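These are the residues of each chain, in order.
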Amino acid sequence: AQKITQTQPGMFVQEKEAVTLDCTYDTSDPSYGLFWYKQPSSGEMIFLIYQGSYDQQNATEGRYSLNFQKARKSANLVISASQLGDSAMYFCAATDKLIFGTGTRLQVFP
Amino acid sequence: DAMVIQNPRYQVTQFGKPVTLSCSQTLNHNVMYWYQQKSSQAPKLLFHYYDKDFNNEADTPDNFQSRRPNTSFCFLDIRSPGLGDAAMYLCATSRMAMGERRLFFGSGTQLSVL
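Protein sequences, first through last, are from chains A and B. Residue numbering for the first sequence follows this note's numbering, starting at 15 and increasing by one per position. Residue numbering for the second sequence follows this note's numbering, starting at 682 and increasing by one per position.
Quick caveat, the hints were computed from the structure, so don't treat them as lab data. Watch out, some of these pointers could steer you wrong.
To be verified - The list that follows gives simulated cross-link-like pairs (lysine to aspartate or glutamate, EDC-like), each with its CA atoms no further than 16 Å apart: (1) A:Lys84 <-> A:Asp36; (2) B:Lys719 <-> A:Glu58; (3) B:Lys725 <-> A:Glu58.
These figures come from a predicted structure and were not determined experimentally.
Please put together the full structure from these sequences, using the hints given.
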């Protein structure tokens, strides 16, 4: 069975600062993928970034980067230069069917 | 633009009255998923179709059924909705090819049960 753990129910960050959202995972699959999705209050799930378990380098997508530490089974999301529009729920998820963590609510303040 | 479309955006039904939620996709993806998301919780996978093969999660109640008449459409049927079934229902698709594992989500249907 796979399990995704997000230990931060809520995070606050000031605009233009960087923030790290934590995610640890537990899977027995030899090959897996890790995702981060953003869910604003409107409800849609917005894909942010993907990391494959065999990828040699950490994934980056614009202001988003993934700090992937395979030995520690962690896949933390780093958002640089936070914007007010980044305020949302953030979910970490793994593998093909996307088992989700419980999410972190990020609030960006001016 | 290619996308995943869910209708309706909001659905109200009565306790025990069958309801159907719909999802369509123009991405030609071979896998379609249904998730249930209750307030302040993570999305929970109910079932998915890999092409025509139906895959039910072990803890999905029998009250929930699904149909996929063709590649583009997938339906979620709730045979006798209870108050506890009020939730956001998210449809998603993926191509399930090597190196392509991203899920594409629709905007969801918010179901209320009166």
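- Hints the structure violates: just list their numbers, smallest first. Nothing - there is no hint that the structure violates, so all of them hold.
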